[in-house]
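Enquirer: Got chain A sorted already, so can you dock chain B with the ligand onto it with the hints?
Single-letter residue listing:
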Amino acid sequence: MFKLPGPASRVAQPVKSNSSVLSASNVTDLVSRASAGDNAAFEELYRQHAGRVYALCLRLSGDTGRASELTQDVFVRCWERLESFRGESAFSSWLHRLAVNVALSTHRRDSRRWRRVQAVAILPDAPGTVRSDSSDIDLEKAITTLPTGARTVFVLHDVEGYKHEEIANLMGIAVGTSKAHLFRARRLLRKSLEPQ
Amino acid sequence: MKHLTEEQLNDLADDAIPARVGPEHERHIAECLTCRAEIARIRSLAKRIGALPLSIQPPAETWPMISARIRNSAPIPDQERSVLSRRPPAWSWLAAAAVLLVVVSSAVTTLVVRRPDVEVPATVASRPATDNDRNLAALSSREEGFRNTADELWAAVNARRDQLSPETIATVERSIKLIDAAILEAREALASDPNNAVIADMLAARYERKVDLLKRATELLPQS
Ligand SMILES: [Zn+2]
Numbered sequence: 001m002f003k004l005p006g007p008a009s010r011v012a013q014p015v016k017s018n019s020s021v022l023s024a025s026n027v028t029d030l031v032s033r034a035s036a037g038d039n040a041a042f043e044e045l046y047r048q049h050a051g052r053v054y055a056l057c058l059r060l061s062g063d064t065g066r067a068s069e070l071t072q073d074v075f076v077r078c079w080e081r082l083e084s085f086r087g088e089s090a091f092s093s094w095l096h097r098l099a100v101n102v103a104l105s106t107h108r109r110d111s112r113r114w115r116r117v118q119a120v121a122i123l124p125d126a127p128g129t130v131r132s133d134s135s136d137i138d139l140e141k142a143i144t145t146l147p148t149g150a151r152t153v154f155v156l157h158d159v160e161g162y163k164h165e166e167i168a169n170l171m172g173i174a175v176g177t178s179k180a181h182l183f184r185a186r187r188l189l190r191k192s193l194e195p196q
Numbered sequence: 001m002k003h004l005t006e007e008q009l010n011d012l013a014d015d016a017i018p019a020r021v022g023p024e025h026e027r028h029i030a031e032c033l034t035c036r037a038e039i040a041r042i043r044s045l046a047k048r049i050g051a052l053p054l055s056i057q058p059p060a061e062t063w064p065m066i067s068a069r070i071r072n073s074a075p076i077p078d079q080e081r082s083v084l085s086r087r088p089p090a091w092s093w094l095a096a097a098a099v100l101l102v103v104v105s106s107a108v109t110t111l112v113v114r115r116p117d118v119e120v121p122a123t124v125a126s127r128p129a130t131d132n133d134r135n136l137a138a139l140s141s142r143e144e145g146f147r148n149t150a151d152e153l154w155a156a157v158n159a160r161r162d163q164l165s166p167e168t169i170a171t172v173e174r175s176i177k178l179i180d181a182a183i184l185e186a187r188e189a190l191a192s193d194p195n196n197a198v199i200a201d202m203l204a205a206r207y208e209r210k211v212d213l214l215k216r217a218t219e220l221l222p223q224s
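Just so you know, the protein sequences line up as chains A and B, in that order.
With the working numbering applied, the first sequence corresponds to residues 1 to 196, in that order.
With the working numbering applied, the second sequence corresponds to residues 1 to 224, in that order.
Please note that the accuracy of each hint is not assured.
Claimed, not checked - List time: in silico DSSO-like cross-link candidates among lysine-lysine, alpha-carbon distance up to 27 Å:
# : chain 1 : residue 1 : chain 2 : residue 2
1 : A       : K191      : A       : K179
2 : A       : K179      : B       : K177
3 : A       : K179      : A       : K141
4 : A       : K179      : B       : K2
5 : B       : K47       : A       : K141
6 : A       : K163      : B       : K177
7 : B       : K2        : A       : K141
8 : A       : K163      : A       : K179
9 : A       : K191      : B       : K47
Hints were generated in silico from the structure; no laboratory data involved.
The model shown is predicted, which means the values in this text are computed figures rather than measured ones.
Just chain A, same shape as in the assembly (with noise of 0.2 Å):
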C-alpha cells in the first residue's frame, strides 16, 4: 500500500539542486543575513530553493513564461516579508506557502482580467528546464491540460502532497469541492494515459 507523503515529508524538504546537503544553520544564516538587506545571502537562499518554487509555479500555470513571472513575484515578495519569518517552520516550508498563496491569488486576478493562453504539451521543449531521468513527460503533458480547478487540486494534493482540508481552505473552496476536482484530474489524466 503507498500512501502520497504529506506536506510536512514532502513540501519542507529541502531543495535539491546541488549535491550538497543544506544544513539548517546555513539557511537560518543567509536569511539573517538576507533579511538585514544582503543581496548576495538572498541570491543563495534563490539558488537554493528556486527550483521547487518554479516547478510549484510551472505545474500550477502550466506556462514556462507565466512559470518564470511567478517565481518572481513568489522572490520578491519572500524578500520583502523577510523579517516577519520568525523561524517557527522551516524557511522552505514558508516559502512553500507563499509561493502557493502567490500562484493562487495571482491566477484568481488573472482569470478575472484575461483568458491565459493556454500552453499545453510546453513543458519538454523549455529552455533552461533540467529534468531528472525519471521526469515523465506524457505525465506533465496531460497535467498542463486538466481544467484550472482540477489543475490546481492535483498539483496541491498528489504532486505536493497538501490535505484536502489545507487545499479548500487555500482555495476557499469546500473539502466536497477539493477531492470532487481531484478524482476528476485523476480521471482525465488515466483517460489521457493509459492505451484505450
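Expert: Coordinates of chain B with the ligand only, in the frame set by chain A:
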C-alpha cells in the same frame, strides 16, 4: 451489489481513513475484479506522480529580474502608490518590463543604427501628460496615436523577426506582454476613476514604454 463510488475507490487507493467503506463494501471488493482493477489503476497513476521531480530549474533570466526588482523595491512615488494601493502591485509588472528594456537596450549598444524606414512620430514618444491634456478626450486621442505607432513598429519587427535571435524575440514578446498587462491594468483603474490625472499619466507612460521597447527592437534589426 453496486460497484464502489469514485470517492470510495480513491479513498481506498489513497489509504485514506474516512473511506466510508463498510463490511458490505469489503465483501464487494473481495469479489469484484472491476473495482479492484480500478483501485490498482489509481495507485499506478499515483506511483508515476510520486516519481515526478519536485525541483525544476527556472530560466536563467529569472534571478536578474528578481534582483532588479528588489534593488528598486520602492520605485513608485507615494502619490502613485496611494492610487494603486487597493490594487495588485502593477508596478511590479513595470519593473520587470523595465529590466527587459535594459536587456534589449544593452544589446542595442552593439548595433546603434536607427532604421530610416521606421520613423516614429515625434509627438508619440514625447512626455507625460500635462495639465492641459489630462482629460479623457485628449487621452483617448493620444492613446490612438500610441496604438497606431506601436502597431506599425510591431509590424516592422514581426515582418523580419527571423533576422533577430530567438532570445531577442522572446524578450521583446515577453516585455510586450508585461507592458500590455500594465496598460490594461491602468485602463481599468482609469475606467473606475476617469478624472484621476495620476492614473492617466501612468497609462500614457506605459504606452510610451511600449513604443520605446518596439523602437529599440527595430533598431536591433540588421540594416537591409
Ligand atoms: Zn465493483
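Enquirer: Against each hint, give a clear statement of whether it holds in the structure.
Expert: Hints and how they fare:
Straight-line distance between C-alpha atoms of K191/A and K179/A comes to about 18 Å, which keeps the hinted pair within the 27 Å bound. For the proposed pair K179/A and K177/B, the alpha carbon gap of about 35 Å is over 27 Å, so the pair is violated. Between K179/A and K141/A the alpha-carbon distance is near 22 Å, which keeps this suggested pair within the 27 Å criterion. The suggested pairing of K179/A with K2/B holds, with an alpha-carbon distance near 21 Å, which does not exceed 27 Å.
Restraint check for K47/B and K141/A: satisfied, since their Cα atoms lie roughly 17 Å apart, inside the 27 Å limit. For the suggested pair K163/A and K177/B, the alpha carbons sit about 35 Å apart, so the restraint of at most 27 Å is broken. Restraint check: the Cα-Cα separation between K2/B and K141/A comes to about 35 Å, which exceeds 27 Å; the hinted pair is violated. The straight-line distance between the Cα atoms of K163/A and K179/A is roughly 10 Å, inside the 27 Å bound, and the hint therefore holds.
Distance check on the hinted pair: K191/A and K47/B sit about 16 Å apart at the alpha-carbon level, within 27 Å; holds.
Of the hints listed earlier, those the structure fails to meet are numbers 2, 6, 7, in rising order.
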